[in-house]
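K.L.:
Line by line, the protein sequences give chains A and B. Residues 0 to 289 in numbering that gives the first Met the number 0 are what the first sequence spells out, letter by letter. Residues 0 to 277 in numbering that gives the first Met the number 0 are what the second sequence spells out, letter by letter.
Hint data in this document are derived by calculation from the structure and do not stem from the laboratory. It is possible that part of the hints are untrue.
[Said to hold, decoys possible] Reference listing, derived: stretches of chain A covered by chain B, where coverage requires no fewer than 3 residues with Cβ under 8 Å from a Cβ of chain B: (1) 29-41; (2) 66-75; (3) 196-210.
[Unchecked claim] Some chain A residues judged to face chain B by a derived CB distance under 7 Å, without partners named: (4) Glu89; (5) Glu92; (6) Gly96; (7) Leu158.
[Stated by the list, open to error] Distance ranges between label pairs, derived from CB positions: (8) B:Gln215 x A:Gly23: 49 to 59 Å; (9) B:Leu2 x A:Leu158: 37 to 47 Å; (10) B:Val198 x A:Trp110: 53 to 63 Å; (11) A:Arg79 x B:Arg267: 42 to 52 Å; (12) A:Glu220 x B:Leu28: 48 to 58 Å.
We put the beta carbon where it would ideally sit given N, CA and C, even for glycine.
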Amino acid sequence: MSHILVDRLVKTYRISERDPGLAGAIRGVLHRRHRTVEALAGVSFELERGELLGFIGPNGAGKSTTIKILAGILRPDGGRVEVDGRDPFEDRERHVGRIGVVFGQRTQLWWDLPVGEGFDLLRDIYRVDEVRYRRTRDELVSLLKLERVLDQPVRQLSLGQRMRAEIAAALLHEPDLLFLDEPTIGLDAPSKLAVREFVRRANRERGTTVLLTTHDMHDIEALAERVIVIGHGRVLADSPVEALRAQVEAAGIAADAPVEEGEEGQDGQASLAIEEVISRFYTMHGAHEA
Amino acid sequence: MTLQDLVRPYRAAFASRFLQMLQYRTAALAGFGTQCWWGGIKVMVLAAFYGNAAADELPMTLAHAITYTWLAQGLLALLPWAGDPEVAQAVRTGSVAYDRLRPVDGYALWFVRSAGWIAARVLPRLALMVAFAGVALPLLGWGEWGWQPPAGTGAALAFALSALLALLLSVSMVMLLNVAAAAALNERGINAIAVPMVVVLSGNLLPLALMPDGWQTALLLQPLAGLMDIPMRLYMAQFTGWQAVGGLGLQAFWIVVMVALGRLAIVRAMRRLDVQGG
Numbered sequence: 000m001s002h003i004l005v006d007r008l009v010k011t012y013r014i015s016e017r018d019p020g021l022a023g024a025i026r027g028v029l030h031r032r033h034r035t036v037e038a039l040a041g042v043s044f045e046l047e048r049g050e051l052l053g054f055i056g057p058n059g060a061g062k063s064t065t066i067k068i069l070a071g072i073l074r075p076d077g078g079r080v081e082v083d084g085r086d087p088f089e090d091r092e093r094h095v096g097r098i099g100v101v102f103g104q105r106t107q108l109w110w111d112l113p114v115g116e117g118f119d120l121l122r123d124i125y126r127v128d129e130v131r132y133r134r135t136r137d138e139l140v141s142l143l144k145l146e147r148v149l150d151q152p153v154r155q156l157s158l159g160q161r162m163r164a165e166i167a168a169a170l171l172h173e174p175d176l177l178f179l180d181e182p183t184i185g186l187d188a189p190s191k192l193a194v195r196e197f198v199r200r201a202n203r204e205r206g207t208t209v210l211l212t213t214h215d216m217h218d219i220e221a222l223a224e225r226v227i228v229i230g231h232g233r234v235l236a237d238s239p240v241e242a243l244r245a246q247v248e249a250a251g252i253a254a255d256a257p258v259e260e261g262e263e264g265q266d267g268q269a270s271l272a273i274e275e276v277i278s279r280f281y282t283m284h285g286a287h288e289a
Numbered sequence: 000m001t002l003q004d005l006v007r008p009y010r011a012a013f014a015s016r017f018l019q020m021l022q023y024r025t026a027a028l029a030g031f032g033t034q035c036w037w038g039g040i041k042v043m044v045l046a047a048f049y050g051n052a053a054a055d056e057l058p059m060t061l062a063h064a065i066t067y068t069w070l071a072q073g074l075l076a077l078l079p080w081a082g083d084p085e086v087a088q089a090v091r092t093g094s095v096a097y098d099r100l101r102p103v104d105g106y107a108l109w110f111v112r113s114a115g116w117i118a119a120r121v122l123p124r125l126a127l128m129v130a131f132a133g134v135a136l137p138l139l140g141w142g143e144w145g146w147q148p149p150a151g152t153g154a155a156l157a158f159a160l161s162a163l164l165a166l167l168l169s170v171s172m173v174m175l176l177n178v179a180a181a182a183a184l185n186e187r188g189i190n191a192i193a194v195p196m197v198v199v200l201s202g203n204l205l206p207l208a209l210m211p212d213g214w215q216t217a218l219l220l221q222p223l224a225g226l227m228d229i230p231m232r233l234y235m236a237q238f239t240g241w242q243a244v245g246g247l248g249l250q251a252f253w254i255v256v257m258v259a260l261g262r263l264a265i266v267r268a269m270r271r272l273d274v275q276g277g
């Protein structure tokens with residue numbers, strides 16, 4: 000059985016709109032205007048246990064929405080989702096006990112609590128056995144180099160420290176499925192490398208299934224064997240990174256944009272930098288954000 | 000799952016919020032200062048009012064009314080003034096998503112967090128108020144303007160139980176404000192409506208017994224009386240025996256109603272939840 004099964008998933012949002020200026024504001028009071036946006040328009044894919052999937056697409060493509068549905072936070076408007084054979088939204092309490100989630104743009108640790116106390120609180124919230132908890136925590140603390148920040152309040156951490164603490168927080172209950180939504184956003188090079196190395200180890204050594212979204216294509220190159228490209232709420236590609244490259248390069252001969260020299264390919268020919276591959280792929284599919 | 004395992008997340012969430020909120024000493028002292036000032040003014044207004052009325056026509060003595068006032072000032076932070084700021088912030092920033100990721104009952108998690116928040120605000124202010132109006136004023140020779148002890152041991156016990164129920168009732172109302180904030184994605188409008196109703200109908204502005212006779216039954220039966228007025232009547236032994244049981248029962252009844260409403264509302268709100276930003 001697949002670890003994750005997503006079948007023709009649909010999610011729509013109502014967006015309220017208002018014309019600019021005073022007249023627009025007054026009109027907005029009298030008459031609300033809404034527009035329905037299809038964030039997901041039939042996304043389907045499956046993920047096996049132990050896979051590491053890169054989930055990419057332009058801003059607004061529906062990546063985070065998909066993760067939030069898979070995590071049981073949002074309810075889909077159509078289609079079917081199963082994680083470990085469970086419906087994430089309807090069976091939320093049991094589902095979320097088995098997953099770990101990091102949203103790079105938010106914090107799950109309590110702002111005013113020292114990091115270590117936040118970890119202890121999560122231990123109790125996830126009802127983790129004390130002995131197991133200590134072992135997992137100590138391992139995470141040493142792998143993510145958090146020794147020095149355990150006593151500091153979260154609000155006083157640097158972004159890099161905080162992100163490492165966030166990742167540890169998401170793994171204290173030893174989930175077998177990990178969602179990472181832009182975990183390297185805003186990080187400096189050493190922190191990015193540390194996060195990548197950690198994710199790779201979690202996936203290879205512990206067999207944790209990982210679903211990763213990012214705009215840093217080096218994350219994808221370093222980690223993911225398989226990539227799903229999503230645009231306008233649809234799956235545009237589901238393939239190994241190299242297959243994307245081949246597709247773009249085949250089409251690139253006809254494209255009018257000059258080919259920028261990237262790293263040398265194995266066969267000695269110039270091959271495109273990963274950013275260039277992805278960007279051209281978006282263009283080929285008209286996937287850029289509206 | 001054992002009972003201990005079942006309650007473990009909620010106990011920890013309560014304790015963490017409670018201990019964290021206790022750190023805010025300046026807020027407690029400032030609140031206490033304001034409450035003493037307002038308490039003093041209210042006591043003087045009551046004294047003027049009693050000076051111009053025939054004492055035997057009034058439903059409570061001046062000493063009782065003064066005690067009521069100090070106790071009400073001490074318990075000010077117990078009232079459901081506003082939704083929990085932590086919940087409001089989570090909703091505004093979208094970190095409400097993380098609350099939905101915890102393998103616990105969503106309503107109960109917010110309930111215990113809010114309970115910890117309120118309890119940690121009430122206890123230091125109450126202790127300071129007892130020290131001021133219950134100890135310092137009598138020591139200074141102004142005992143008649145001070146806070147009198149409860150009518151007896153029975154009254155004290157009934158009051159303690161009733162105050163605990165008042166806390167639960169208050170949190171169940173705060174939860175309605177929380178859920179409304181989550182549904183509207185903003186808390187301000189909702190809080191603005193809550194404040195005037197709470198001040199008047201809980202008995203905080205004026206003991207409910209001093210309001211017009213024709214309103215008494217309705218005033219006692221409405222849910223906000225359980226926040227302050229019922230505990231006060233038990234403290235002063237205005238309610239004893241079956242009346243006391245009735246008062247406590249009324250509080251319990253409204254807690255059940257508010258929790259049921261809150262749970263219905265949270266399920267609805269979470270089905271339509273938007274997570275703001277990114």
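K.L.:
Decide, hint by hint, whether the structure agrees.
P.N.:
A quick look at each hint next to the structure:
1. Counting residues of the stretch 29-41 of chain A whose CB lies closer than 8 Å to any CB of chain B gives 0, so the stated coverage by that chain is violated, three being the minimum.
2. Chain B is given as covering the stretch 66-75 of chain A, and this holds because 6 residues of the stretch bring a CB closer than 8 Å to a CB of that chain, at least three being needed.
3. With a threshold of 8 Å between beta carbons, the proposed coverage of the stretch 196-210 of chain A by chain B is violated, since 0 of its residues qualify and at least three are required.
4. Taking 7 Å as the C-beta contact cut-off toward chain B, the hint placing glutamate 89 (chain A) at the interface is violated, the least distance being around 11 Å.
5. Proximity of glutamate 92 (chain A) to chain B holds as hinted, the smallest CB-CB distance being about 5 Å (cut-off 7 Å).
6. Given the 7 Å rule on beta carbons, the hint for glycine 96 (chain A) holds: about 4 Å separates it from the nearest Cβ of chain B.
7. Interface restraint check for leucine 158 (chain A): the shortest CB-CB distance to chain B comes to about 15 Å, outside 7 Å, so the restraint is violated.
8. Range check, glutamine 215 (chain B) to glycine 23 (chain A): Cβ separation about 52 Å, and the 49 to 59 Å hint holds.
9. A hinted range of 37 to 47 Å holds for the C-beta pair leucine 2 (chain B) and leucine 158 (chain A), which are about 41 Å apart.
10. Distance hint check: the CB atoms of valine 198 (chain B) and tryptophan 110 (chain A) are about 31 Å apart, inconsistent with the given range 53 to 63 Å.
11. Remark: the range hint 42 to 52 Å for arginine 79 (chain A) to arginine 267 (chain B) is contradicted by a beta-carbon distance near 23 Å.
12. In this structure, glutamate 220 (chain A) and leucine 28 (chain B) meet the distance hint of 48 to 58 Å, their C-beta atoms being roughly 57 Å apart.
The structure does not agree with the numbered hints 1, 3, 4, 7, 10, 11 stated previously, though it agrees with the rest.
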